[in-house]
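Enquirer: Here the protein sequences come in this chain order: C and D.
Just so you know, the first sequence maps onto residues 1 to 100 in this note's numbering.
Just so you know, the second sequence maps onto residues 101 to 200 in this note's numbering.
Hints listed in this document are in silico derivations from the structure and should not be mistaken for laboratory results.
Don't take each hint at face value.
[To be verified] Pair ranges (Cβ atoms, derived): (1) D:K177 x C:R36: 34 to 40 Å; (2) C:A84 x D:V164: 28 to 34 Å; (3) D:S137 x C:Q73: 31 to 37 Å; (4) D:M101 x C:A47: 15 to 21 Å; (5) C:A24 x D:A185: 36 to 42 Å; (6) C:A6 x D:F183: 21 to 27 Å; (7) D:A106 x C:E33: 28 to 34 Å; (8) D:F183 x C:G80: 34 to 40 Å; (9) C:A47 x D:K126: 31 to 37 Å.
[Unchecked claim] Calculated lysine-lysine pairs in the DSS-like style (CA-CA distance at most 27 Å, straight line): (10) D:K139 x D:K177; (11) D:K126 x D:K177; (12) C:K26 x C:K77; (13) C:K26 x C:K39; (14) C:K39 x D:K126; (15) C:K39 x C:K77; (16) D:K126 x D:K139; (17) D:K139 x C:K39; (18) C:K26 x D:K139.
All values derive from a computational prediction rather than experimental measurement.
Even for Gly, the Cβ is constructed at its ideal location relative to N, Cα and C.
2 protein chains.
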Amino acid sequence: MVTEYAMLVIDPARAAEFESAVAAAKPCFQAAEGCRSMKLERLAEDASRYRLCVVWDSIDHHMVLFRNSDNFQTWRKLVGGFFAAPPSVDHGVLVANYFG
Amino acid sequence: MVTEYAMLVIDPARAAEFESAVAAAKPCFQAAEGCRSMKLERLAEDASRYRLCVVWDSIDHHMVLFRNSDNFQTWRKLVGGFFAAPPSVDHGVLVANYFG
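Start from the sequences, fold in the hints, and give me the full structure.
Expert: Quick look at the structure:
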């Protein structure tokens, strides 16, 4: 399993509308093959930045299967218009979960 | 609760040694007031980058109490020598956990 982190830059004036759009896109991820969880965080240091965290079975489940799916098109239709900059994406591979 | 994300840049040749040092520092976090969990990930896209994810009761538990504690000094003694660049740190405030 890998965790996708997407840093999304949004006009803070549209924050509530953006958050509703992400919530509306939940089924796109829930239906995606190999998608295990999805959460959204807002950065305490910068109200214009959100971190979308999505756990996938593999990078290919995200970057190949999902990116080429109708679910991805729907996701981008719902939220793409809010992006003030291209999303910055990486994938974290767990080294260790020490506690908690 | 907030999640601290620290991006740590390490010489990949010292990766195994660095990972052991982080494991050795687990008690510093486990003993810290308001610290709920701690995990380490390595970036799939860049073997020199690790993301340390630590859940705290509040930003102050991390930035005030922990940063001024002996636990922080011990943590930095254990791992600070591995940093090839100053760590970049932010805090994510949960908007929603949609599923998973």
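Enquirer: Of all the hints given earlier, name the ones this structure violates by number, lowest first.
Expert: Checked against the structure, no hint fails, so every one of them is satisfied.
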